[in-house]
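Given the sequences, and given the hints that come with them, work out the whole structure.
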Amino acid sequence: MSGALKAAWGLTAFVVLAGVVLWATTGRAVFAVFIVLGVLTAVGAVVTGRAEARGTQRGKDLP
183 MSGALKAAWG LTAFVVLAGV VLWATTGRAV FAVFIVLGVL TAVGAVVTGR AEARGTQRGK
243 DLP
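Per the numbering used here, numbering of the sequence shown is gapless, rising by one per residue and ending at 245.
No wet-lab data here; the hints were simulated from the structure.
By construction, the Cβ of each residue, glycine as well, lies at the ideal position given by its N, Cα and C atoms.
Where hints are given, some of them may not hold.
Computed Cβ-Cβ distance ranges for the label pairs, DEER-style [what the hints assert, rightly or not]:
1. 228 - 200: 18 to 26 angstroms
2. 212 - 185: 29 to 37 angstroms
3. 203 - 226: 17 to 25 angstroms
4. 203 - 225: 18 to 26 angstroms
5. 212 - 184: 32 to 40 angstroms
6. 185 - 221: 19 to 27 angstroms
7. 221 - 188: 15 to 23 angstroms
8. 210 - 184: 34 to 42 angstroms
9. 219 - 188: 12 to 20 angstroms
10. 204 - 225: 20 to 28 angstroms
11. 231 - 207: 28 to 36 angstroms
12. 189 - 215: 17 to 25 angstroms
Right, here's the structure in full:
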C-alpha cells in the first residue's frame, strides 16, 4: 500500500469521525456532508488501490 493510499484512508477516517462527532454534539444535520465526503473519499481510495494492484500485476506479467 502506497503512502498516498494510506493518507487517503487516514483522511477518510478523520472526516467521517469528525462528521459523526460534530453531528452528535451539535445536532446539526449539515455535518452529514462530512460523512458523505468521507465515504466518497473511501470509494476513491478503493478504486485507486485496485488500479494500483492491477498496475503492479501488469508489471509482473511483462518479460
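Q.
So, against the hints stated earlier in the document, which numbers end up violated here?
A. Checked against the structure, no hint fails, so every one of them is satisfied.
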